[in-house]
Every structure is written in C-alpha cells, then in structure tokens.
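*Asks:* For reference, the chains in residue letters:
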Amino acid sequence: PVPSLHQGHLELIRTIRTARTQAEEREMIQKECAAIRSSFREEDNTYRCRNVAKLLYMHMLGYPAHFGQLECLKLIASQKFTDKRIGYLGAMLLLDERQDVHLLMTNCIKNDLNHSTQYVQGLALCTLGCMGSSEMCRDLAGEVEKLLKTSNSYLRKKAALCAVHVIRKVPELMEMFLPATKNLLSEKNHGVLHTSVVLLTEMCERSPDMLLHFRKLVPQLVRILKNLIMSGYSPEHDVSGISDPFLQVRILRLLRILGRSDDDSSEAMNDILAQVATNTETSKNVGNAILYETVLTIMDIKSESGLRVLAINILGRFLLNNDKNIRYVALTSLLKTVQTDHNAVQRHRSTIVDCLKDLDVSIKRRAMELSFALVNGNNIRGMMKELLYFLDSCDPEFKADCASGVFLAAEKYAPSKRWHIDTIMRVLTTAGSYVRDDSVPNLIQLITNSVEMHAYTVQRLYKALLDDISQQPLVQVSSWCIGEYGDLLVSGQCEEEEPIQVTEDEVLDVLEGLLVSNLSTPVTRGYSLTAIMKLSTRFSSVNRIKKVVSIYGSSIDVELQQRAVEYNALFKKYDHMRPALLERMPIMEKTASNGPTEIVQTNGETEPSVPDTKHPPLVTQPANQVTARSHDISVFTIDGSFFVTDDVFKNGLKIEFTFERANPNPNIAVITIHATNTTEDDMTEFVFQAAVPKTFQLQLLSPSSNIVPALNHGSVTQVIRVLNPQKQQLRMRVKLTYTHKGSPVQDLAEVNNFPPQSWQ
Amino acid sequence: MQFMLLFSRQGKLRLQKWYVPLSDKERKKISRDLVQTILARKPKMCSFLEWRDLKIVYKRYASLYFCCAVEDQDNELITLEIIHRYVELLDKYFGSVCELDIIFNFEKAYFILDEFLLGGEAQETSKKNVLKAIEQADLLQEVRLHTDP
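Sequence lines, in order, name chains A and B.
Counting from 1, one number per residue, gives the positions in the first sequence under full-length UniProt numbering.
Counting from 1, one number per residue, gives the positions in the second sequence under full-length UniProt numbering.
Don't read these hints as lab results, they were simulated from the structure.
Just so it is clear, CB atoms sit at the ideal spot from N, CA and C, and this is done for glycine as well.
Careful: at least some of the hints might be erroneous.
Said to hold, decoys possible - Think about it this way: if two alpha-carbon atoms lie no more than 20 Å apart in a straight line, the pair counts; the simulated SDA-like pairs of lysine to any residue are: (1) A:K284 <-> B:D53; (2) A:K324 <-> B:Y61; (3) B:K44 <-> A:N321; (4) A:K364 <-> B:K17; (5) B:K12 <-> A:K336; (6) A:K284 <-> B:Y61; (7) A:K336 <-> B:R14; (8) A:K654 <-> A:Q718; (9) A:K169 <-> B:R41; (10) B:K127 <-> A:Q22; (11) B:K25 <-> A:P64; (12) B:K29 <-> A:H59; (13) B:K127 <-> A:N321; (14) A:K284 <-> B:W51; (15) A:K324 <-> B:W51; (16) B:K28 <-> A:E496; (17) B:K17 <-> A:H59; (18) A:K364 <-> B:Y61; (19) A:K284 <-> B:R41; (20) B:K127 <-> A:N152.
Stated by the list, open to error - From the structure, some residues in chain A lie toward chain B, with a derived Cβ separation under 8 Å: (21) L89; (22) V286; (23) Y328; (24) I363.
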C-alpha cells in the first residue's frame with residue numbers, strides 16, 4: 001500500500017514496517033519525504049501536523065529531516081493545541097541551540113508562556129527548560145520568574161526546573177530568581193517541593209553566597225523529611241511502602257550541600273540522618289536508594305563519628321546484598337571514603353575481598369582498587385594471597401593494574417625479602433606478559449639490593465625460564481639476573497631451597513636459546529646478549545662466549561649488532577678492562593631528591609617523555625664510552641656569567657655558561673655556552689645537547705661550529721633559550737658527544753645549581 | 001540527566017530525549033556506540049557502567065532497553081526508580097504497554113515523558129498527577145480537532 005499524505009502517521013509507520021530490506025525501507029522513505037516536501041512547499045496547514053509527525057518517525061529511524069525544521073516553527077505558532085504539541089516536540093528533536101533557526105522560537109515561546117491554557121504554558125516551559133539557548137534564556141527569564149511565583153502548582157513546578165536550566169545557561173541571572181524562592185518550601189504540592197529543592201540545590205552549588213543564605217532552610221528541610229518518614233501511608237506518593245522517595249533523596253542531597261563544612265547545620269541534621277539510616281526498609285531498591293543518599297550525606301558533612309560508623313556499616317551490609325547494583329554503589333562509596341575512614345572500612349575487608357570473585361567487571365575492578373587501598377603491614381600476607389589468586393584468574397584488562405598494585409604493595413609492606421622475591425616471581429610467572437615495562441628496571445633494582453637473596457633469586461628465575469620463555473618481562477629480568485649472578489647459579493650456593501645442579505654450558509644454552517627464539521623481542525635479545533657477555537667474567541667457558549658475540553656482530557638487528565661489535569672490541573682491544581666493566585652491579589640508591597619531574601625536551605625538539613631514570617643504565621654501555629654521571633657541578637658567578645668547573649667534563653674540555661635576560665619576555669632566560677679545549681687535539685663532531693624538566697621549555701639554536709679547536713684556539717658557542725613561566729629553579733641535564741684523538745667520547749652531567757639570576 | 005534512550009534488542013532506537021545540546025551527528029554517534037556497548041553486556045552484569053566520562057544507568061523491560069546518562073552526583077539507584085516510574089506511567093496509559101505501542105505512538109511516549117521529567121529532572125512525583133495532566137491535554141487535542149473546519 002502506498003502511504004497517503006492525508007492519512008495519519010500510523011499508516012506510514014505500518015507501511016514502513018512492512019519493508020523487508022534496508023533498501024526497500026529507504027525507497028519508501030525517500031518517496032514519502034518527497035511528497036512531504038512538496039506538501040510543505042504548498043504551505044498546507046491542514047496536513048502540516050501529521051506530516052511533521054511522519055517526519056519525526058523517519059528521523060528516529062535515522063533519516064535526515066532538517067527540511068522540517070521551519071515547519072515545526074510554524075506548528076508552534078499555530079493556535080491548534082495538536083499543532084503546538086507536535087511542533088514543540090519536533091523543535092526539541094530536530095533543532096539544536098547551536099543553529100540560528102531555533103531563535104525564531106523565542107517569540108512563540110514568549111507568547112505561549114502567557115497563554116490562557118496551562119497546558120500550552122506547560123509546553124513552552126518544557127521546551128525552554130529542555131533546549132533553550134543562552135539568548136533565549138536571557139530573553140525569557142523574566143517570564144519564567146513570573147511563573148515561579150504563581151499559585152498554580154502545575155506551572156510553578158515546571159517554572160522551577162525551567163529556572164534551573166536558565167541558571168545553568170546564564171549563571172549571572174541566578175540573582176533574579178532569589179525573591180521567588182522565598183516560600184517555595186511552604187508548598188504542600190510534592191511536585192513543587194521536589195522541583196524547588198532541585199532549584200535550591202542548583203543555586204547553592206553555584207554560589208557560596210546563596211549557600212550561606214539558604215543555610216537557614218535546614219530546619220525546614222529536616223521537618224519536611226521527617227514528615228515524609230513519619231506520615232502514614234500516602235497512596236499518591238507511595239513506592240513500596242516509602243513515601244515519595246524521589247523527594248527524600250533530593251532533600252538528603254540538598255542537606256549534604258548545606259551541611260558540608262558547617263558544624264551547626266550538620267548538627268541540626270544529625271538526628272534525622274540517624275533516623276533515616278536506621279528505619280528505612282532495605283528489602284527493595286527504593287529503600288536502598290534512600291540509604292545510599294543518606295550515607296553519602298553522612299560522609300560529606302561534619303557528622304559525629306558514631307554516625308559515620310553507622311554509614312560505613314550500611315555500606316558493609318550493602319556489600320552482602322544479593323543485588324549487584326547495591327554492591328556496586330557500596331564499593332564506589334567505600335572507595336571514596338577509604339582514605340578518611342580507613343579503620344572503619346578495614347572492618348569490611350573480607351567482604352570486599354570476596355567481591356573480587358564477582359562476575360561483574362565493574363564490581364571486580366572496584367573491589368580490586370579497594371583491596372589495594374586496604375593492604376597494610378598487618379594483613380599483607382593474607383591480602384596478597386587473595387590478590388595473587390585474583391591475578392591468576394582475572395580478565396586481561398585487569399592484569400596490568402593488578403600486577404602493578406601487587407608490586408607496590410609488596411614494596412611497601414613485604415614481611416621478608418624472601419617473601420618479596422617469591423611474590424615478584426609469582427607475578428612474573430603468572431601475568432608476566434601484562435606487567436608494565438617500567439616494572440622491569442624497578443624489579444632489577446629490588447633484586448640487586450636484596451643481596452642475601454641473589455642465589456635464591458637467580459635459581460628461581462632460571463627455573464622459570466626453563467618452563468616458559470614467552471613472557472618478556474620475566475625473560476628480561478631473568479636474563480639480567482643470570483648475567484649478574486650466573487656464578488652463584490652454577491656453584492649451587494642457594495640456601496633458601498635445594499640448590500639445582502646446572503653447568504655453565506646449560507646456562508649458556510638457555511641464554512642463547514633466547515637469542516634465537518621467535519618469542520623474544522629485540523629488547524629481550526639485548527638483555528640476553530649482555531648477560532652472556534657478563535658471564536665471560538664469571539664463567540670459564542670464555543671461548544664459547546666469544547664465539548656467540550662474534551656471530552652477532554653481523555646480526556640484522558642494528559642494536560644487537562652494535563652491542564656485539566663493541567663486546568667483540570672488548571675482547572680484542574680492551575680485554576684488560578673487561579673484568580672491571582662487567583663486574584657485579586653495586587647497590588642502587590633511589591634518588592628521592594630528583595623529584596617527580598620528567599625530562600622532556602632536548603635540542604629544542606620535543607621527544608616523547610622518557611621515564612624518570614632514577615636508576616643508572618641497566619645494560620652496560622659499550623666499552624669505550626662512559627656511563628652517565630649525575631652530581632651537582634660547582635658553579636660560581638661572576639658579573640652575570642657563570643662557570644662550570646672543568647674537572648667535571650673530562651679530557652680538558654671546559655664549558656662556560658653566560659646568561660642574559662631576553663627582552664621583552666621576563667620569563668625567558670638566554671644562556672650561551674662556550675666550549676673550549678685545552679688539549680693538544682681538536683674535538684671534532686662536537687654536539688651539545690640539553691634537557692630540562694617538564695615545567696620548562698628549551699630551545700637550542702644552532703652552534704657556531706662543531707669543532708672545539710685544540711689549545712684554546714677558539715670555542716664553540718651555542719645559545720640556549722629557556723622559558724620558565726613558573727619561575728622554578730632551573731636544572732639541566734647536559735650531554736656532550738665528540739671525537740677526540742680518534743675515539744668517540746660521550747659525557748653526561750647535571751647542572752643543578754644555576755644561580756638565581758639566571759632563572760628568576 | 002543528560003539523555004535518555006529507548007532501544008530494542010536489535011539496536012533500533014524507539015525514543016531519544018536529549019537534555020544537553022548536541023548536533024544531530026553527535027547524537028547519532030553517541031547513540032550508536034552506547035547502544036552497542038549495552039547490547040554487548042551479559043545479563044548477569046549490573047545496571048551501571050562508566051562510559052566515556054558519563055555514568056550510565058540502564059534496565060531492560062521485555063524487549064526494550066531504557067538507558068539514561070546521568071551526572072556524577074546523581075544517585076544511580078534512584079535513577080533506576082525514575083526509569084521504573086516512567087515504565088509504570090507508560091503501562092497505565094497504554095494499558096499493559098508493549099514495544100509496539102511505543103513504536104506507533106511514539107509522540108505519546110514523549111508527551112508522557114515531558115510531563116514526568118523536565119530538563120532531566122523529575123517535575124512530578126505523583127503518578128496520578130502525571131497521568132491526569134496527560135489525560136487533560138489529550139482532551140484538549142480532541143476538543144480543538146472537532147471544532148476545526
């Protein structure tokens with residue numbers, strides 16, 4: 001059947017639903033739209049309404065309907081109620097306030113706000129309160145304010161919510177609604193009461209002055225709430241035995257805002273909160289909704305400790321509720337309060353831990369976060385058992401966070417070093433592929449510093465490698481350990497458990513296996529090759545190691561190749577240096593003083609953030625370069641220049657920093673470096689690089705040249721511009737590379753005490 | 001409340017009420033993505049989820065999903081009651097409401113919603129009063145129709 005223009009939209013809907021394919025539907029719609037368009041062009045008043053209705057249906061199916069926008073406006077302007085109803089609906093669906101055409105509604109709405117029929121006024125208020133733009137709200141605020149004072153509760157309640165919208169759009173207009181709020185709460189009508197409380201809440205949230213002003217309403221609000229609770233059955237507002245739960249919840253929320261950080265108000269609401277908390281029926285969702293709001297209020301205001309404990313206990317009971325929604329909100333709330341009411345939340349720890357086994361992903365996540373928040377020195381063993389079990393079986397999306405959480409908790413509260421190592425092992429073996437990249441250096445540092453556990457650790461890690469070489473973080477940590485402590489491994493020195501019998505060749509087999517395995521990433525291969533190299537000073541099978549190293553000298557992987565070439569060189573030319581270079585790593589100190597900054601920029605270009613390298617490089621650098629040093633350089637100032645003492649930079653290289661203030665921007669410091677060379681050989685290919693903490697920005701201009709001539713016969717100068725908007729103490733990490741006497745040299749240092757004049 | 005969507009198990013939108021300003025394109029994208037996300041959830045999961053930076057509350061009634069996006073400070077449990085109240089209103093109005101009623105009388109579904117919520121907040125907490133207002137407005141519609149030429 002062909003849809004007819006003169007029939008209502010029901011027919012159209014029926015017809016469209018008979019379409020068997022998307023293409024068929026589209027065809028019908030196109031035909032219908034064409035017909036509607038021509039009808040619109042003919043300015044046909046009689047059928048406009050039903051045509052717009054049809055259009056709205058098609059719009060809901062996803063088809064374009066913008067050509068109906070103006071028609072909606074015409075309907076709104078009509079005198080027929082049917083027209084207005086559809087017109088306003090169309091406006092709310094098809095227009096959005098960012099298009100100019102919606103402004104054409106303003107006049108109609110204004111007229112309709114003053115219409116003789118309240119249902120027309122209602123339509124206008126509803127539309128304005130739903131989608132009114134700032135301009136419309138400005139134009140019509142006066143009308144809304146008038147209706148806020150009417151005695152007609154049908155209109156008054158709508159005006160209140162409309163006012164909320166106006167205030168959200170044009171906050172400066174809030175003041176004008178103040179007088180009308182005077183006796184809003186004296187209303188008996190629940191609709192007006194509810195919307196008034198919403199309005200008052202909005203005003204108090206936006207303006208501290210309003211908040212102060214409305215604080216005096218607390219007793220009245222308490223009374224209204226009390227009446228709701230104490231009053232007998234009221235069929236009109238009853239929901240499962242509770243009288244107007246919507247209003248109760250809103251009042252509780254307003255009380256929260258009024259009682260926050262005010263002792264007197266908090267005290268005034270204490271009793272009613274206790275009453276609601278203890279007397280509300282908990283068998284249905286509606287009662288729990290009220291309890292939930294009550295708990296939120298208790299926790300936010302200045303309530304006495306007894307009340308707070310009551311609130312937390314309610315949450316504890318929520319955790320045992322069969323309804324998962326209730327468990328969800330309980331966990332969310334407990335997460336918010338675990339810092340401030342830690343002991344009270346601790347009491348519910350076992351219930352929280354049980355929630356780790358919940359089927360719902362959101363509940364599991366919250367339970368996990370809460371569990372970590374509750375771990376302390378007393379419960380670490382038990383909690384960790386549960387959390388490791390959770391790690392074993394949880395979804396992949398949790399594993400990274402959980403692993404990190406376990407590492408952190410273990411670091412803080414480990415009861416023994418052995419336990420700590422075992423815990424790390426457990427994480428690496430069960431969730432090894434999900435562990436974050438930055439865990440590897442952290443773990444290595446931890447292992448290094450647990451001196452008495454070295455033998456045990458390397459043994460366990462070696463055994464883990466025999467089982468599984470697919471999890472890269474595990475493999476990397478293991479490789480590193482074997483490289484460091486392989487001697488302990490083969491000598492069977494383990495005290496903590498039965499020492500394994502393993503030969504040097506077997507260990508090298510495993511490490512070489514990592515090099516060739518498809519499962520190993522390039523980074524892992526790097527670890528593995530370096531480990532093999534280190535064993536050359538710990539094992540006797542040096543020839544085998546030499547062979548491996550020379551093979552990889554022609555590896556396709558450039559990183560691996562470079563290492564192999566340099567290790568080769570170590571065997572050939574620098575064999576006397578090899579033992580010293582490859583000796584056991586010392587205990588690494590965590591440098592707390594470096595603070596949380598991340599070095600971001602070098603050479604004026606932005607690089608992706610490099611993780612804070614608090615730890616020295618973990619893989620030994622090629623033999624003829626020296627690893628980074630980081631210490632304060634003595635700096636002394638003379639007349640606006642300052643010097644860096646030259647015993648920091650080696651080989652007779654001296655760097656002098658001078659500074660000046662850039663005009664007109666006082667936040668920019670211009671620092672110039674002057675590099676000079678006292679030795680007999682030139683320093684060629686000289687490159688100066690600098691990096692600064694994140695709050696600074698750095699720009700390096702081109703250097704004057706890249707040869708620092710011998711015997712002070714000239715210098716390289718380079719300008720550094722530093723933007724320091726936060727006026728923080730300037731620090732800089734400096735890296736120099738150059739060639740001297742035929743060999744490449746690299747030097748790293750930190751300049752930490754720039755004189756204040758250079759950055760203030 | 002920022003918006004409310006009603007959709008079928010096949011993902012067809014039956015009602016969309018937006019209380020925040022968004023272009024047609026943005027609305028379409030949000031609807032599509034959110035509907036897919038919710039349809040992918042298993043029955044044992046709870047009615048709340050965090051999606052983008054919104055709190056979503058949803059519940060299924062027969063073949064229709066009722067889905068609301070609420071603000072951070074909004075009480076999720078009472079939002080479930082809001083949804084339930086709306087379903088009750090539809091039920092009373094249509095007499096044992098089903099999805100077809102909402103398809104064929106979508107404009108009525110909107111009118112009822114607009115007498116219950118305004119700007120995303122409940123304007124009337126009495127079921128009776130909402131239904132009475134709709135009744136009267138419907139009458140007004142018929143009266144005018146008869147007196148038109």
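*Asks:* Now tell me, hint by hint, if it's right for this structure.
*Replies:* Comparing the hints with the structure gives:
1. With a C-alpha separation of about 29 Å, the suggested pairing of K284 (chain A) with D53 (chain B) is violated against the 20 Å cut-off.
2. Taking the CA atoms of K324 (chain A) and Y61 (chain B), the gap is near 18 Å; set against the 20 Å cutoff, the hint holds.
3. Of the supplied pair hints, the one linking K44 (chain B) and N321 (chain A) holds, its CA atoms being roughly 15 Å apart against a limit of 20 Å.
4. Distance hint between K364 (chain A) and K17 (chain B) is unfulfilled; the C-alpha atoms sit about 32 Å from each other, more than 20 Å.
5. For the hint linking K12 (chain B) to K336 (chain A), the alpha-carbon distance of about 37 Å lies beyond 20 Å, and the restraint is violated.
6. The suggested pairing of K284 (chain A) with Y61 (chain B) holds, with an alpha-carbon distance near 18 Å, which does not exceed 20 Å.
7. Proximity of K336 (chain A) to R14 (chain B) is assessed by CA-CA distance (about 37 Å); at most 20 Å being required, the pair is judged violated.
8. This hinted pair checks out: K654 (chain A) and Q718 (chain A) have alpha carbons roughly 14 Å apart, not beyond 20 Å.
9. For the proposed pair K169 (chain A) and R41 (chain B), the alpha carbon gap of about 36 Å is over 20 Å, so the pair is violated.
10. For the hint linking K127 (chain B) to Q22 (chain A), the alpha-carbon distance of about 40 Å lies beyond 20 Å, and the restraint is violated.
11. Distance check on the hinted pair: K25 (chain B) and P64 (chain A) sit about 10 Å apart at the alpha-carbon level, within 20 Å; holds.
12. Straight-line distance between C-alpha atoms of K29 (chain B) and H59 (chain A) comes to about 14 Å, which keeps the hinted pair within the 20 Å bound.
13. A C-alpha spacing of about 29 Å is found between K127 (chain B) and N321 (chain A), which places the hinted pair above 20 Å, so the restraint is violated.
14. Distance check on the hinted pair: K284 (chain A) and W51 (chain B) sit about 27 Å apart at the alpha-carbon level, beyond 20 Å; violated.
15. Distance hint between K324 (chain A) and W51 (chain B) is fulfilled; the C-alpha atoms sit about 18 Å from each other, no more than 20 Å.
16. Between the alpha carbons of K28 (chain B) and E496 (chain A) the distance comes to roughly 63 Å, so the proposed pair goes past 20 Å and is violated.
17. Restraint check for K17 (chain B) and H59 (chain A): satisfied, since their Cα atoms lie roughly 13 Å apart, inside the 20 Å limit.
18. At roughly 26 Å between alpha-carbon atoms, K364 (chain A) and Y61 (chain B) are farther apart than 20 Å, so this suggested pair is violated.
19. Distance hint between K284 (chain A) and R41 (chain B) is unfulfilled; the C-alpha atoms sit about 24 Å from each other, more than 20 Å.
20. The suggested pairing of K127 (chain B) with N152 (chain A) holds, with an alpha-carbon distance near 18 Å, which does not exceed 20 Å.
21. With a least beta-carbon distance of about 5 Å to chain B, the hint placing L89 (chain A) at the interface is held under the 8 Å criterion.
22. A cut of 8 Å between beta carbons decides the hint on V286 (chain A): the least distance to chain B is about 6 Å, and the hint holds.
23. Proximity of Y328 (chain A) to chain B holds as hinted, the smallest CB-CB distance being about 5 Å (cut-off 8 Å).
24. The beta carbon of I363 (chain A) comes within 7 Å of a beta carbon in chain B, closer than 8 Å, and the hint placing it at the interface holds.
Hints 1, 4, 5, 7, 9, 10, 13, 14, 16, 18 and 19 from the earlier list are contradicted by this structure; the remaining hints agree with it.
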